[in-house]
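Residues per chain, in single letters:
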Amino acid sequence: MSGDPQHEPRGKNGRAPDVLRVGGWMPMREYPQNEAVDFAIVGTGAGGGTLACRLAEKGFKVIAFDAGAWWRPLEEFASDESHQKKLFWTDERLCDGEDPIKLGNNNSGKAVGGSMVHFAMVSLRFRPEWFKSRSILGYGADWPIDWREMWRYYRIVENALKISGPVTYPWGPKRGRYPYRAHELNAAAMVLARGAEEMGIAWSPTPLSTLSAPRGLAHPCAYRGFCVSGCSTNAKQSTLNVWIPRAVKAGAEIRDLAMVGRVAVNEAGLCTGVDYFREGRWQFQRAKHVVVAGYAIETPRLLLLSANGRFPEGLANSSGLVGKNFMVQSNQAVWGLMDEEIRAYKGPPSLAITEHWNYADKGKDFFGGYAYMSQGPLPVVWTLTQTKRGLWGEALLKEMQHYNHQVGLKMVGETLPQERNCITLADEKDAYGLPIARVTHAYCDNDRRLIEHALDFMGKALDAGGAKDIWRETDDTCHLNGSARMGSDPRTSVVNADGRSWDIPNLWICDGSVFPTVGGVNPSLTIQAIACRTADRIGVLAARGEL
Amino acid sequence: MTNNRMRWAGIACILAGVAATAAVMERPQQRRLCKRARQVHIETSRAFNRSSALLAGSVLADSAMEHYRGSFSNPVMYVPPLVATFSILAGLHGGADRHAQTHTVRHAIYWGAALTGLAGTGFHVYNVMKRPGGWNWNNLFYAAPMGAPTALLLSGALGAAAERLRNQPARAPRLLGMPAGRALGLLSGIGLAGTAAEAWLLHFRGSFQHKAMYAPVSIPPAASALLLHAALTSPQPRWLARVMLRMTWLVGWLGLAFHVRGVARHHGGWRNWSQNLFNGPPVPAPPSFAAMALAGLAALRLREREPR
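Chains as they are written, first to last, in the working numbering: chain A, 1 to 547; chain B, 1 to 308.
Don't take each hint at face value.
What the hints assert, rightly or not - Examples of chain B residues toward chain A, derived with CB under 10 Å:
#, residue
1, Gly-269
2, Asn-272
3, Asn-279
Just so you know, these hints were derived from the structure itself, not from any lab.
Note that beta-carbon positions come from the ideal geometry of N, C-alpha and C, so glycine has one too.
Work out the full structure, taking the sequences as your base and the hints as a guide.
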């Protein structure tokens, strides 16, 4: 181990941490600041990390910046929820609107690898119709990409991460076999399965990005259960231990602890590089192209922060849509108690899933869909859930005694894009002296109807699964998307299908903020698929001389 | 019993299995003696006794470990390790016994093992079917394994066949109304195919992540097919079947080494043996291929000498 990764950058002096070996290092190429690299990528999460890898493998000179630390999971991830808060983006932000969201553990990450370092590993494909939800299903907006093309990229990502999934998946068009077999179900997943069978709907082991068999130096899952606090065995296949090591091997440079504060644009209206803060000072990296991959809050924030005389409303914002149509996913739950011990915290938290209400269109009084999964909250999260319910003191103590018997179902629900849900800049400044983001959020009536339907159905399913004393957790959200949507019309979108901004041809966006709609599934697989597609498209455009 | 003592009991069972394996290995000198005496069917019987013991060794270690993992939640879970121990003892005794006569106690033990295996299969089927999803892949992978009790059934069947063969005349012995070589060839060929089927299921569960995982699902099935062919067609020397069966024997012991290595690939490796022996590939499983190959080779030798 070497130094404190939160204060001393690790990606420098021609080497990078080899996260698969204790104390290991791997050589890393470094580029001079005054030489314009092909791509400067801001962010190393599901979008930026994946793109850095694929572009470097195509031979482009790439530097990817991340504000967070470069962790060594084998040595630095403790089985301690409080300690592992170091993985979350907890910089100051303002949350307002009718339904202000809570930012932190389940929707942000600040580390090389982004929030995939602590994601729950649920790796689902979109329902094909969602890519044309406006024209086929009558709500939201159409994607400018065909679902068949996306399914090809889903396959590539699933193979890259060796997703452990069921032999046959009950919903949607036929898909190839998952590279690894699904994991053994824990007792909480069995409750979901029993409930679904009683309710007459299909269920499945969840396709997860954690190994069910060895892969190279990565160990198979030990069912430790601290997945959302960071995996200390490298069983979780993420940007940190898959895409980024590949990127470094292919010649990309990753700069950790490097906060990008501005994308520089010249007189001609083209990006020239990025200003970033690292090792106590602001520095400038020249680049031929800039890719913003900071996720749905930091991406619009950076575009707005980079406003200048030429682009007074922020970069790529001629449509006025940067920061608009910000979407969360509803994350409400029902909880109950079983007579027998469940120990829901054993193994990955979401081992079983039903996507029934993503694929069924009958019997709904709302647009969109939702999936729900079995749950395994760790003790601190579980205590907070109980205090949110108003329990304290003796009552809280009593409830916590049931921890080993509690079981629950939690939804990932689609919310509709609304322009009033947006990211803007506040007057307050952060530690770097940059205005912080203001996150404004409100559900619409359709969102509320969807949530009500889900809570009602999950309540019945949990009851049918054998739980008693069922209650509802009504106010959680997860996964942030939208805020710089892609489209086929420059007036109604920020970027085109390739993630290339309409206004500035050498400015790209590659993360969840390009989603026109969110669907009812966790977004990470789709973000990575888009990143792989963007890389391929950049390769094609470069070959044609159209970059 | 405390966890720790259970753990030592598990180790003791494994060591017993290893010791038994070493003991039943064929000794070349004895083979020469038998051949000189033209007691080919007795030699075959003894090989089947040994094969049965080796298979029972696998069952003993495997069932002791897996039922320990299942906390012996049902008292009948103690039965298979116990019965397998008797089956090993019977096999060791029979392997050294040159008498041309059925040994009643051994014969009874073998029937007990076979019936235990049959009952165990029932229990395991019930365990799979009572889970949500019933007969689906996830339950076949992770619920009580179907193939495991069948190995005990097979161990009993091999031993019982050995005992019955001893009562047959040296010239043209018969079993189940057919030439003994054919009967034993069918028995060991089918047993070998079943063992390979179980390896396929579990290696499929492991996504064939290592190329060596294809070996037990390709070589033993080929050996099984050749052996069944030799059993069903007119007797003649079958060199290819013999070669494949010898390779199957090798697959069994190399598999053991690969599984030992596989345990090391889990988090903490062998330093964390008390968890990884259970999470990793089952160390005692592959030698069952060696056991079936021993039986198959003995059956083939007998079959090759049978009148056309």
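* Broken hints, by number -> none
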